[in-house]
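Colleague: Here are the chains, one letter per residue:
2 protein chains.
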Amino acid sequence: MQWVKVLGGVVGAAALLGLGIIVGHFAIPKGADSPAPSASASQDLDLKILQTVMEQLDANRIRENLRELSKEPHLATSPRDEALVQLLLQRWQDPESGLDSARTTEYEVLLSFPSGEQPNRVDVVNSTGAVLFSCRQSEENVTGEQGGPDVVPPYAAYAPPGTPQGPLVYANQGSEEDFKELQKEEVKLQDSIVLTRYGGVGRGAKAVNAAKYGVAGVLVYTDPKDINDGKSLPNETFPHSWCLPPSGVERGSYFEYFGDPLTPYLPATPSSFRLNSDNASGFPPIPIQPIGFEDAQVLLCNLGGKLAPANWQGGLGCDYNLGPGFRSNGIFPEDGQVNVSVHNRLELRNSSNVLGIIRGAVEPDRYVLYGNHRDSWVHGAVDPSTGTAVLLELSRVLGTLLKKGTWRPRRSIVFASWGAEEFGLIGSTEFTEEFFSKLQERAVAYINVDISVFANATLRVQGTPPIQSVVFSAAKQISAPGSSGLSIYDNWIRYYNRSSSVYGLVPSVGTLGAGSDYAPFIHFLGISSMDIAYTYDRSKTSARIYPTYHTAFDTFDYVDKFLDPGFSSHQAVARTAGSVLLRLSDSLFLPLNVSDYSETLRSFLQAAENLLLEQHNISFGPLVTAVEKFEGAATSFNQRIATLQEGTPDPLQVRMINDQLMLLERTFLNSQAFPEERYYSHVLWAPRTGSVATFPGLSNAYSQAENTGHEPAAWAEVQRQLSIVVAALEGAAATLRPVADL
Amino acid sequence: MQWVKVLGGVVGAAALLGLGIIVGHFAIPKGADSPAPSASASQDLDLKILQTVMEQLDANRIRENLRELSKEPHLATSPRDEALVQLLLQRWQDPESGLDSARTTEYEVLLSFPSGEQPNRVDVVNSTGAVLFSCRQSEENVTGEQGGPDVVPPYAAYAPPGTPQGPLVYANQGSEEDFKELQKEEVKLQDSIVLTRYGGVGRGAKAVNAAKYGVAGVLVYTDPKDINDGKSLPNETFPHSWCLPPSGVERGSYFEYFGDPLTPYLPATPSSFRLNSDNASGFPPIPIQPIGFEDAQVLLCNLGGKLAPANWQGGLGCDYNLGPGFRSNGIFPEDGQVNVSVHNRLELRNSSNVLGIIRGAVEPDRYVLYGNHRDSWVHGAVDPSTGTAVLLELSRVLGTLLKKGTWRPRRSIVFASWGAEEFGLIGSTEFTEEFFSKLQERAVAYINVDISVFANATLRVQGTPPIQSVVFSAAKQISAPGSSGLSIYDNWIRYYNRSSSVYGLVPSVGTLGAGSDYAPFIHFLGISSMDIAYTYDRSKTSARIYPTYHTAFDTFDYVDKFLDPGFSSHQAVARTAGSVLLRLSDSLFLPLNVSDYSETLRSFLQAAENLLLEQHNISFGPLVTAVEKFEGAATSFNQRIATLQEGTPDPLQVRMINDQLMLLERTFLNSQAFPEERYYSHVLWAPRTGSVATFPGLSNAYSQAENTGHEPAAWAEVQRQLSIVVAALEGAAATLRPVADL
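Protein chains in written order, with the working numbering: chain A, 36 to 777; chain B, 36 to 777.
Any given hint could be a false lead.
As the list claims (entries may be wrong) - Here are the simulated DSS-like cross-link-like pairs (lysine-lysine), alpha carbons at most 25 Å apart as the crow flies: (1) A:473 x B:473; (2) B:575 x B:266; (3) B:664 x A:473; (4) A:106 x A:215; (5) B:260 x B:341; (6) B:341 x B:223; (7) B:664 x B:266; (8) A:106 x A:83; (9) B:473 x A:664.
To be clear, the hints were calculated from the coordinates, so they are not data collected in a lab.
Since the structure is predicted, the reported quantities are computational estimates derived from the model, not experimental observations.
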């Protein structure tokens, strides 16, 4: 059944809204502590309310939100960022459409900015030091929005200051393999400047890898092949298409961890202990600076040395050579060098989160969280304002029902607007540190909607397995944008699918890395999390991400003209995320299907067996048993829920089941599992170096054992990781068994 | 009001018991999963049931339990230890008086035993190596119970094998200060054998401290001054009094951590990853062997060198000299040396816990745990069988009510008999590792009754502040043994009291270290815990502990004749612990008073301020604020409970409050706080080196800063520890606020 058909049955709901406002405003107690005595312990999801919410989520209001949010650049902690804090507070405190309460929490965090006085520079100089060529220091003012003091010049946040100079080398994506290849080709890296292109590995990794080879400085650019499907001419790019203009530069954080760099594991309150920034870790070891492909072309197309491998070639219209230094027949002298001047500064700044709360009627101590960051690099129309525009519309619709007295969720809902995400998920991480105990005890799930629309082809969801079922339920009842007549679910399955051993062909839900604010929730706190967006038709573009990502071209018009004219994809995301939110906050039984972890565990097990088969006497018996125990416990658990649902379960029975559902994800945490990894403690989703999707600790330990020539200590770590996984799965299974069994 | 008066009102309860058995046996469903539908969500503590339990706890049955339990030596994993596992299972599976279910969990753990073939020896040898004197290899068979193959010879568990030889030095208690004193006196320690007396520092610390000075081997003995109030003659000691006979030797574990040494943080299942025992840490670095004071006298009274300081002197009837070597006019040649031959072996053994469960009627997913270890060093009548005898009687009385159908607790009760405690709390620690997630989510409290009767003067309770109120409530309603007519509470306050800023004069509840199986529950899991016993009149003895502790003289007759003739102190402990257990399992609102943490925090704060006042710009403002926030939140929280108790709160409201009560203790855990300390993560109760009772991390960091000449890094750690405490208190306060506030 599709959402559009469900809607047909609802008549007059909108007409009732206005009338209810006055009644609701005076009749509903505000700020009362305990649940209203009239709240029924059996309160369940109300499908009519769900329908009303779906109807009222308005594409045009989302568009107007986006216009306001992206009107000006709002870099973290900038005056405009603070103005948006006030905008959010105002919306969430609105007497007609606000929430029960809203507040800010402020943290004093370490950010990194380019110097106002000394611009970062990239120059080609000759042997006497004369400047022969300079890269742009800002993007071209194509639409009138790329100039002015609020547009932060392109830079690599947290890159250390320095003015290295040396012959230029092309290092592809700056991966470990790329540098090994250069070494193999006997390209001298010591004291060189390497030019890398975005992609392949994380930003910071390019500098970390380079430094190991004695490289003095790093440049990074976006290749038209990777971002523009090859297009690179001004008239092929924005504002003529969605493609990145030649002067566009991707900004970004080059910090290797997340959270405030100076206060790991502690909330960054003003009085908190802070590391000396010299003792802080995770910053790039050498200067690094991003440039546009217009400038990269000048450098790269004049490079000398051997021809780079075929898969290192790009879309700049010339052969890419390795260097070092320039070619003899180019525009630069062969001994010309590149000088990189980075003058970034670390600064302690106050960054705010905004929290808005709807008190649960029955179980106010159960929190369903929904958040997005607020800060952008420049105007940030797509990133993050497409998400915030949806957040504001969803909170408006729910707030209006709340203020009218039409609805109050069973559980509490917490809306959040995070600060300083672009610098490393800082606001959300500090939140999880400050609210650690409460969240660990009470958080049901975290829904993240960062960029809500990358493109308008299909839904894309990342999350932990238990959230699959609620997302599917939501997506099946909402119609996809466009004229296909398909539900979001049926459209989705055409683009991303997999063959499930349990369900057959289903849309594939991706896994959660550390790309947005869900990271501290899932990795540090073990809260079931998800990220929801609309995205590309991969048959139509191979762009690494939407082309103007983190540039001054990510503006309202870009979204309005190219990403989602009509904002129907925004509306689709608002409906999907809103439906998921309501199902989580209002269903009597939490709609988390823990049994859906079984498929993941089974596939991780098979991959681990293939990887490690008969190696060093690794016995998989205990792991096989643990997976089987989990499968059995989860199946029986679901049967018990089904039986309870047939009857009229008492409130405590439901609560006990829901506690098991809520806390399952927590059981996968082990603070001893990855002592080297900051925050990561989820034994199934920690970072994994190998390419095989399996238990990350096991995979990493195995890689280490392979790389260190099979030292006994390395194999002992493989065994230790195996035991950690077994203990986690046994513990998880145990929590799903009947609660009186111990 | 005293318990004895309450009892007066109950007539005929006992008569009903027999009748109920048949009804109960057939009428109550066994092993059903969900709470019986008839269970009332408002089920509260039934004072009549409580009275019945108090009445039925039978001193003579406890005595008979003790006789059976201590009949034979039952060293961990010995055949008799396994036989007692069966005894416990049989009792807990008894159809008339058993629990809902009982089972064993087995772990493969690393223990340490003396060699069967090569006895450990301590000899005095002359310069040609001829043996001039040998210490006893076993205790004198005074009562016929000190001989035979099941009596393990005295040894220091986990001491490494070795046969060091050297001149003898007396090192008092083997503390760091003691070795500094010897160094000051220029006593050569390198390659010496040092003789130490028990007390002052932990067993293992004596060897650790000695090894730092190049000492080759360590002896340890029990001085009559420390254990016998000076008495040392055979006719003054057991079996003629409770005093330790001259040949008695305290055995014990010298392992510095707790839990299985090879599987830290992992349950020691057969397939678990194990450290190589060479890589395991926490074992004594050099051989160490305990001896009796009869032998210590021969060594110490013949020692040469300077006279030891006054507070190093003891009760052996001679001047204690420092050495090195023997005196000129003694029985040994001056160059005589001491040879210590230790042949201990590490062995992997299977150790069992026994778990017995009573399913909760209303909230089966809330566990009140009650446990004691089962293993002893020899017969272990006092340690641990006085506790197990009480455990069996309490479980019999409750089991009988259960099987009759008279009673089922609101919450689940878990009884536990831990294995291998004497080697380092191994069974209980492995349990907390295996059941980590369940316990963290669901455990209400842990009650430990190890040695239940040290002596018969007064109750002695150690625990975290929230358990104070429930212990007081119980103790006020039970009459103390003897003819005083006082309640246990009023008797207690005469021996141990303090002036509370809130309550005035109250009995003082001690803090929890790592002396028994509560350690992993409070330190690793953050579960409110307590240890309950009857103990000494300190005006009548200064014995460090009951004199036959860990010797072959700790027998049934010892208890029956000297510690608790008539077993009325046993009964008092059974009633107190039983009442506490019932109140925790059955009260509608959990009887944990979180507000009682305020006094602790306030006193820790004051001590910290005194310690650190105006040092290195340490600002206490944030800590003061955090303490105040906690106080305010706890007070308001208690008011909300009081208000709810006046009305008829709905089941979910009660559950939410109880969750806050249960989980408060968890909020003090921080796995990043003490990275060097195995398992310790409770920021208020971790080990503290300084003598001032304050926040341990802060205190330890301060000591470190003082000792390292005020290095900036050390002061940074003080600041970090301060922030950890502040974050924990802020988090704790936050969880006590109204749950919808976030």
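Colleague: It remains to establish, for every hint, whether it holds in the given structure.
Modeller: Hints, one by one, checked against the model:
no.: 1; hint: A:473 x B:473; result: 18 Å, holds
no.: 2; hint: B:575 x B:266; result: 14 Å, holds
no.: 3; hint: B:664 x A:473; result: 16 Å, holds
no.: 4; hint: A:106 x A:215; result: 45 Å, violated
no.: 5; hint: B:260 x B:341; result: 21 Å, holds
no.: 6; hint: B:341 x B:223; result: 12 Å, holds
no.: 7; hint: B:664 x B:266; result: 53 Å, violated
no.: 8; hint: A:106 x A:83; result: 36 Å, violated
no.: 9; hint: B:473 x A:664; result: 16 Å, holds
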